[in-house]
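Those protein sequences? They're chains A and B, same order as listed.
When we follow the working numbering, the leftmost residue of the first sequence carries the number 97, and every step to the right adds one.
When we follow the working numbering, the leftmost residue of the second sequence carries the number 70, and every step to the right adds one.
Hints were generated in silico from the structure; no laboratory data involved.
Treat the numbers as computed from the prediction; the structure is a model and nothing was measured.
We put the beta carbon where it would ideally sit given N, CA and C, even for glycine.
Keep in mind that a hint or two might mislead.
Subject to a maximum C-alpha distance of 25 angstroms in a straight line, what follows is the list of computed BS3-like cross-link-like pairs (lysine-lysine) [what the hints assert, rightly or not]:
1) A/K173 - B/K378
2) A/K169 - B/K380
3) A/K169 - B/K160
4) B/K160 - B/K417
5) B/K378 - B/K160
6) B/K175 - B/K356
7) B/K407 - B/K417
8) B/K380 - A/K173
9) B/K378 - A/K169
Here are the simulated distance ranges between beta carbons [as the list claims (entries may be wrong)]:
10) B/V400 - A/E175: 47 to 53 angstroms
11) B/Q543 - A/Y136: 44 to 50 angstroms
12) B/E294 - A/A121: 46 to 52 angstroms
13) A/G129 - B/Q244: 50 to 56 angstroms
14) A/V138 - B/A521: 39 to 45 angstroms
If you want the building blocks of each chain, they are given just below.
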Amino acid sequence: MNAINRNEQNAIARAVLEIDVNNHAGVMSHVVGLFSRRSYNVEGILCLPVGDGRQSRIWLLVNEDQRLAQMMKQVEKLEDVIAIRRHNADHAVFQDLETFFRP
Amino acid sequence: MTETLTGAQITVRLLERQGIRTVAGIPGGAILPIYDALGQSTAIHHVLARHEQGAGFMAQGMARATGLPAVCLASSGPGATNLLTAIADAKLDSIPLVAITGQVPKAMIGTDAFQEVDTYGLSIPITKHNFLVSSADELLEVIPRAFRIAASGRPGPVLIDIPKDVQTQAIEVSQWPEPGRTEPAPAADPALIEQAATMINSAERPILYLGGGVIHSGASAAAIELAEKASLPTVMTLMALGAMPVDHPLALGMLGMHAARYTNLALDECDLLIAVGARFDDRATGKVAAFCPQAKIIHIDIDPAELDKIKTAHIGITADIGEALGQLLPVVFQNSRKIWVDRSNALKAEFPFDLHSTDNPRSHFGLIQSVAACLDDDAIIATDVGQHQMWVAQAYPLRRPRQWLTSGGLGTMGFGVPAAIGAALAERQRTVVCFTGDGSIMMNIQELVTAAEENVNIKIVLMDNATLGLVHQQQTLFYGERLFASQFRSSPNFVKIAEGFGIAAVDLDTFDNPCATLREAISRPGPCLIHASIDAEQKVYPMVPPGAANRDMIGA
């Protein structure tokens with residue numbers, strides 16, 4: 097997380113990415129590595145297995161950026177990524193987590 | 070029939086089933102079980118490199134010359150880290166490679182064990198995909214899959230990290246998986262092909278822009294057919310050289326930083342750019358905003374992430390190049406496009422490429438032409454990285470896909486000699502020439518002894534100016550002539566070095582008739598180093614200064 101405060105963060109347009117992946121060690125590294133090598137900060141991450149556990153779903157909260165479309169294409173190319181979907185920042189998944197992130 | 074086999078034996082058997090007949094590598098503790106099994110294989114010839122990077126580039130040479138995935142092997146820790154540069158190089162040039170590394174036993178992973186390094190983590194950003202194998206059983210799925218991934222879609226390197234205990238684990242194998250093969254790419258959207266054809270048919274000044282994808286797809290003949298049918302002047306990237314013969318009437322040569330003036334000027338005038346298997350690399354485009362400023366763009370690539378990455382395409386088509394061109398050909402009209410072809414020829418005549426003093430074999434271009442005069446199109450031309458590479462790209466008459474092996478994207482000095490060895494191992498019937506420089510050859514010079522050991526038919530033409538030529542050039546032109554760390558104060562005796570490594574060597578400097586000596590050295594089978602001093606003040610011209618528009622070329 098970078099050092100800007102919550103008000104400033106709220107002023108930045110956000111997007112939520114929903115990524116279905118195969119569930120094994122290293123998949124998260126593949127996904128977030130694509131962001132870190134481009135100095136593209138990931139503001140929030142949630143990940144849990146789905147169904148029988150062979151797949152996981154990764155939720156990423158990221159800043160809107162002109163590079164986002166290219167980022168999504170790069171993520172989609174990963175062998176272990178099954179699908180990627182883009183949502184608006186008001187998506188419910190990160191909404192109820194505030195209580196866990198009080199300073 | 071059920072057999073009990075170790076992970077190591079399974080690995081070797083799967084490589085055999087995959088059709089692999091030559092691998093390059095260096096053994097070490099953590100990969101010894103695989104080497105033990107490899108030693109029992111009668112089908113696979115192992116080439117013992119002297120540095121793992123050399124092994125990686127030998128595999129690249131095999132893959133680039135044949136188009137098929139090739140294999141390199143290394144042990145854990147330093148063995149694996151030494152491979153990384155060759156793997157990264159394969160990623161940037163989309164070369165199908167399968168790298169197999171040994172790893173410490175599973176129970177010791179993460180303990181900073183002897184020769185342990187996080188090979189999986191290190192290789193994530195430089196591979197198309199990578200695996201850390203956790204059981205012998207998994208190898209049956211992972212190895213064919215690695216070959217499939219390496220060869221399908223946009224090709225690339227795949228790394229398989231195999232812990233030592235997985236190599237020694239014995240399991241029962243009753244059924245073998247099918248070898249991993251190239252999966253066909255989805256077909257081009259016919260509606261988009263139709264639109265592209267309409268755009269080509271109505272264009273007045275179109276240019277066909279061929280990239281390395283044309284070579285990978287085996288689509289050179291289709292690209293030439295399209296160019297001829299619609300009369301499209303054609304430029305090639307560094308990676309695409311050979312896709313269209315340089316002396317084809319429609320060929321405008323290599324575009325970009327070291328293009329002929331007429332090439333970049335023609336691009337400046339075009340009203341439609343048909344980019345095929347090319348990725349708008351910065352060395353090709355120069356300042357992007359000023360690249361083909363009047364042109365609409367059709368972009369065809371097998372990798373959807375390349376579309377709209379640098380330049381927004383008016384029509385973007387995700388497809389295998391050969392398949393897409395196959396659809397496009399019948400719907401593109403025959404058109405002599407006389408005005409534009411005449412204009413393109415006029416630019417060629419007005420701003421020609423200056424191959425000055427080609428008749429002097431002691432000049433850089435003269436030497437390249439003299440080498441070419443000794444060879445036919447069957448020869449493979451490899452290079453290292455630097456001034457010599459650009460001069461060969463500019464001046465060598467490349468006429469055949471896969472004739473040209475060069476490190477484009479990563480620009481790795483040290484690529485040339487081991488890549489040439491790999492090409493010669495894969496294509497025994499061909500003569501392989503490696504143009505190199507005195508800076509580059511030192512970066513993998515240890516592989517000369519591998520060349521001697523394998524008795525490969527490679528001719529290393531060493532253009533020696535006792536400088537890091539491109540650095541020297543940039544310091545001269547853009548850093549106020551403050552030459553620093555670009556001139557070698559001490560130069561080795563390369564002829565003695567080559568002889569010390571056990572290969573023949575000649576010094577053209579000492580012969581009155583260098584052309585005759587050259588011809589004799591090239592026609593003699595086996596490895597040979599041919600040393601030639603060249604003038605350190607020579608520049609690669611023309612040149613687009615870094616960050617400038619392609620039209621603003623300097624020199625020559």
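(message) For B/K378 and B/K160, compute the direct alpha-carbon distance and say whether it is at most 25 angstroms.
(response) 17 angstroms, holds
(message) Is 50 to 56 angstroms respected by the C-beta to C-beta distance linking A/G129 and B/Q244?
(response) About 36 angstroms separates the Cβ atoms of A/G129 and B/Q244, which means 50 to 56 angstroms is violated.
(message) 44 to 50 angstroms was suggested as the range; check whether the CB atoms of B/Q543 and A/Y136 agree with it.
(response) 31 angstroms, violated
(message) Next pair to validate is A/K169 with B/K380; report whether the Cα-Cα distance is within 25 angstroms.
(response) Within the cut-off at roughly 15 angstroms; holds.
(request) State, for the Cβ atoms of B/E294 and A/A121, whether the hinted interval 46 to 52 angstroms holds or is violated. (result) 48 angstroms, holds
(request) Below or equal to 25 angstroms on CA atoms is what counts here, so check B/K407 against B/K417. (result) 15 angstroms, holds
(message) Does B/K378 sit within 25 angstroms of A/K173, going by the straight-line distance between their CA atoms?
(response) Distance of about 14 angstroms is within 25 angstroms: holds.
(message) Verify the CB-CB distance for A/V138 and B/A521 against the hinted window 39 to 45 angstroms.
(response) 52 angstroms, violated
(message) Just to be careful, I want the Cα atoms of B/K380 and A/K173 compared with a cutoff of 25 angstroms; is the pair within it?
(response) Cα-Cα ~20 angstroms, so holds.
(message) Within 47 to 53 angstroms: is that where the Cβ-Cβ distance between B/V400 and A/E175 falls?
(response) Violated, at about 35 angstroms.
(message) Run the distance test for B/K175 versus B/K356: straight-line Cα separation, threshold 25 angstroms.
(response) 49 angstroms, violated
(message) Check whether the Cα positions of B/K378 and A/K169 lie no farther apart than 25 angstroms.
(response) 10 angstroms, holds
Checked against the numbered hints above, the structure violates hints 4, 6, 10, 11, 13 and 14; every other hint is satisfied.
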